[in-house]
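Number of protein chains: 2
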Amino acid sequence: MKILVTGCAGFIGSNLVHSLLKQGYKVHGIDNFSTGSAKNLQPFINHPHFKCFTIDLLNLQHCKDAMLDEPNIVFHLAANADIRHGLEHPTKDIEQYIIATSNVLEAMRVNDVKRIVFTSTGSVYGDNAPTPTPENAPFPIQTSLYATSKIAAEGLISSYCTGFGFSAVVFRLVSVLGKGYTHGHVIDFYRQLRRHPEYLRVLGDGRQCKSYMDVEDCIQGILLAIAVSYAGRFEIFNLGTDETFTVRQSVDTITSALMLDPDIDYLGGDCGWAGDNTHIQLDCTAIRTEGWAPRFSIKEGIFRTLNYLQQVESTPRE
Amino acid sequence: MKILVTGCAGFIGSNLVHSLLKQGYKVHGIDNFSTGSAKNLQPFINHPHFKCFTIDLLNLQHCKDAMLDEPNIVFHLAANADIRHGLEHPTKDIEQYIIATSNVLEAMRVNDVKRIVFTSTGSVYGDNAPTPTPENAPFPIQTSLYATSKIAAEGLISSYCTGFGFSAVVFRLVSVLGKGYTHGHVIDFYRQLRRHPEYLRVLGDGRQCKSYMDVEDCIQGILLAIAVSYAGRFEIFNLGTDETFTVRQSVDTITSALMLDPDIDYLGGDCGWAGDNTHIQLDCTAIRTEGWAPRFSIKEGIFRTLNYLQQVESTPRE
Numbered sequence: 000m001k002i003l004v005t006g007c008a009g010f011i012g013s014n015l016v017h018s019l020l021k022q023g024y025k026v027h028g029i030d031n032f033s034t035g036s037a038k039n040l041q042p043f044i045n046h047p048h049f050k051c052f053t054i055d056l057l058n059l060q061h062c063k064d065a066m067l068d069e070p071n072i073v074f075h076l077a078a079n080a081d082i083r084h085g086l087e088h089p090t091k092d093i094e095q096y097i098i099a100t101s102n103v104l105e106a107m108r109v110n111d112v113k114r115i116v117f118t119s120t121g122s123v124y125g126d127n128a129p130t131p132t133p134e135n136a137p138f139p140i141q142t143s144l145y146a147t148s149k150i151a152a153e154g155l156i157s158s159y160c161t162g163f164g165f166s167a168v169v170f171r172l173v174s175v176l177g178k179g180y181t182h183g184h185v186i187d188f189y190r191q192l193r194r195h196p197e198y199l200r201v202l203g204d205g206r207q208c209k210s211y212m213d214v215e216d217c218i219q220g221i222l223l224a225i226a227v228s229y230a231g232r233f234e235i236f237n238l239g240t241d242e243t244f245t246v247r248q249s250v251d252t253i254t255s256a257l258m259l260d261p262d263i264d265y266l267g268g269d270c271g272w273a274g275d276n277t278h279i280q281l282d283c284t285a286i287r288t289e290g291w292a293p294r295f296s297i298k299e300g301i302f303r304t305l306n307y308l309q310q311v312e313s314t315p316r317e
Numbered sequence: 000m001k002i003l004v005t006g007c008a009g010f011i012g013s014n015l016v017h018s019l020l021k022q023g024y025k026v027h028g029i030d031n032f033s034t035g036s037a038k039n040l041q042p043f044i045n046h047p048h049f050k051c052f053t054i055d056l057l058n059l060q061h062c063k064d065a066m067l068d069e070p071n072i073v074f075h076l077a078a079n080a081d082i083r084h085g086l087e088h089p090t091k092d093i094e095q096y097i098i099a100t101s102n103v104l105e106a107m108r109v110n111d112v113k114r115i116v117f118t119s120t121g122s123v124y125g126d127n128a129p130t131p132t133p134e135n136a137p138f139p140i141q142t143s144l145y146a147t148s149k150i151a152a153e154g155l156i157s158s159y160c161t162g163f164g165f166s167a168v169v170f171r172l173v174s175v176l177g178k179g180y181t182h183g184h185v186i187d188f189y190r191q192l193r194r195h196p197e198y199l200r201v202l203g204d205g206r207q208c209k210s211y212m213d214v215e216d217c218i219q220g221i222l223l224a225i226a227v228s229y230a231g232r233f234e235i236f237n238l239g240t241d242e243t244f245t246v247r248q249s250v251d252t253i254t255s256a257l258m259l260d261p262d263i264d265y266l267g268g269d270c271g272w273a274g275d276n277t278h279i280q281l282d283c284t285a286i287r288t289e290g291w292a293p294r295f296s297i298k299e300g301i302f303r304t305l306n307y308l309q310q311v312e313s314t315p316r317e
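For the record, the sequence lines run as chains A and B. Position 295 of the first sequence, counting from 1, maps to 294 under numbering that gives the first Met the number 0, and the rest follow consecutively. Position 214 of the second sequence, counting from 1, maps to 213 under numbering that gives the first Met the number 0, and the rest follow consecutively.
Next comes chain A alone, as it looks inside the complex (with noise of 0.2 Å):
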């Protein structure tokens, strides 16, 4: 089976390359390494079954070239990591998120792809939603230009699957962390404390309260897609751990985790930034009647991503 992974050079994406490769899968990887990086292709680069395209998905031309071959399903995993500045430049998103997938499908259209795995976020269930959030929740009102993208590639998925016959699985994620993590608090608060360790800034006031998951447990319930696909036209699955974590949590476990005692000093208000959605917890009961189940917990997860993080740093640069 040939698998194309878009955003095979990001966080996610490389892990999930990775993953396929060792179960055997022929795999083309496309990336623009805007924000994914070589580095994150480094095990399996020479790998005699993979093949990377520096292609941009805002090319459509380029988007069809690559899907030439056909291959049985595409994940689409590419987006723009930078989501807390969306409002700094408001087109970005709906390049990176919509104009994309939309290529995407137009591309897997003409030559006849007809699986598509997307991983969308947690955040478009809005603000207000009730906790933990099932896939059916009440209708949302969005609060930031990145999850009013991942909406938007959602519904374009799924007016596919009805327009032109595609099946399609859409993941709606909690936040992720562990190897290969890029941005977010957790990445945040270790820079800060290395280089002060004795005090910490944090944006909001610590009581926003979100679910998180190690990479290798989201890569595991991705993968469930493979099988699921042909089960319905259009399936959607929260996948996340059930518990929360507050920042404050948060703080208490990195600081221990380091051996640091800093003063901290929360700058305020009940969002880290605007559009944040306070509180994320879904209701993940679909994807473990599937089968899977997380293996590792929130602190768990943090803890893998503390030591991952200190690796890289201890590693040599080229």
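If you are wondering where the hints come from, they were derived from the structure by calculation, not from laboratory data. Glycine included, every Cβ here is placed at the ideal spot set by N, Cα and C. It is possible that part of the hints are untrue.
To be verified - Computed, partial: chain A to chain B, Cβ under 7 Å:
#1 97
#2 143
#3 151
#4 155
Stated by the list, open to error - Which bits of chain A does chain B cover? Going by a derived footprint, with three or more residues having C-beta under 8 Å, they are:
#5 136-142
#6 212-225
Chain A is fixed; fit chain B onto it per the hints.
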């Protein structure tokens, strides 16, 4: 008060401009005249408080220029009216709604214009919504690029409310009939019966069941936004009659009004076109609580539409 109307030469847009001018507002209109028609502007083209700009919303600079005089409210009605053919040009809906709406929002932001009214669609509730559908129906699965683009535009608008302090009112409309009507099954059937009064071809099985409203009622609802847009940061109202009509009821009403007795050929299938929502009926309790109620029944709306079409035909072309 200065008001900007995008899509001012369209069916709903031109009716809205006419009402706004009658109520004493200064109105600037924008249209690219791709589906809008200069004929629709005739009743008020020389009104001293009206000015029309021929601008394509896909051009951001032109959007910004059009808002230099800082209107108090933007009514964003511009749309690709060619809904059912979305799959034939999959990127058109994306451009017309998502990019155009993004440009309108950016033009507003740089010119410090912060109130927007947007006409969305009852189709955003997707298939399988409970009917009558309330604004907080379960999380929808989109079946058409049209509805996907509308839901994306809604999300962009609510994100600008969160991120930039905009206030917005979104109306999710049922199908609109009446004076200025240019597309939809009533005109299709009318034209067919003018060409061949003895038979009528109908897409689908005739059991699709939808709600309709007369454009005059629609405009009265939309105008409420001027009063309520300060009440809430982001308000959504369904807007439609409480009734529904099957296509078969429409066929009966139209043939009876035209005093014809054609053979009816139902082409089969449960929907008129791929992605069509076969059952749309909105719960309009919220807008009714604001004091709005439709004056015309669906049957009256169809009669008025047929009268309009006959008037247009009997008017000598210039």
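Okay, the hints, checked on the actual structure:
no., hint, result
1, 97, "6 Å, holds"
2, 143, "6 Å, holds"
3, 151, "4 Å, holds"
4, 155, "6 Å, holds"
5, 136-142, "holds (count 7)"
6, 212-225, "violated (count 0)"
When the structure is compared with the earlier hints, a violation turns up for hint 6 alone.
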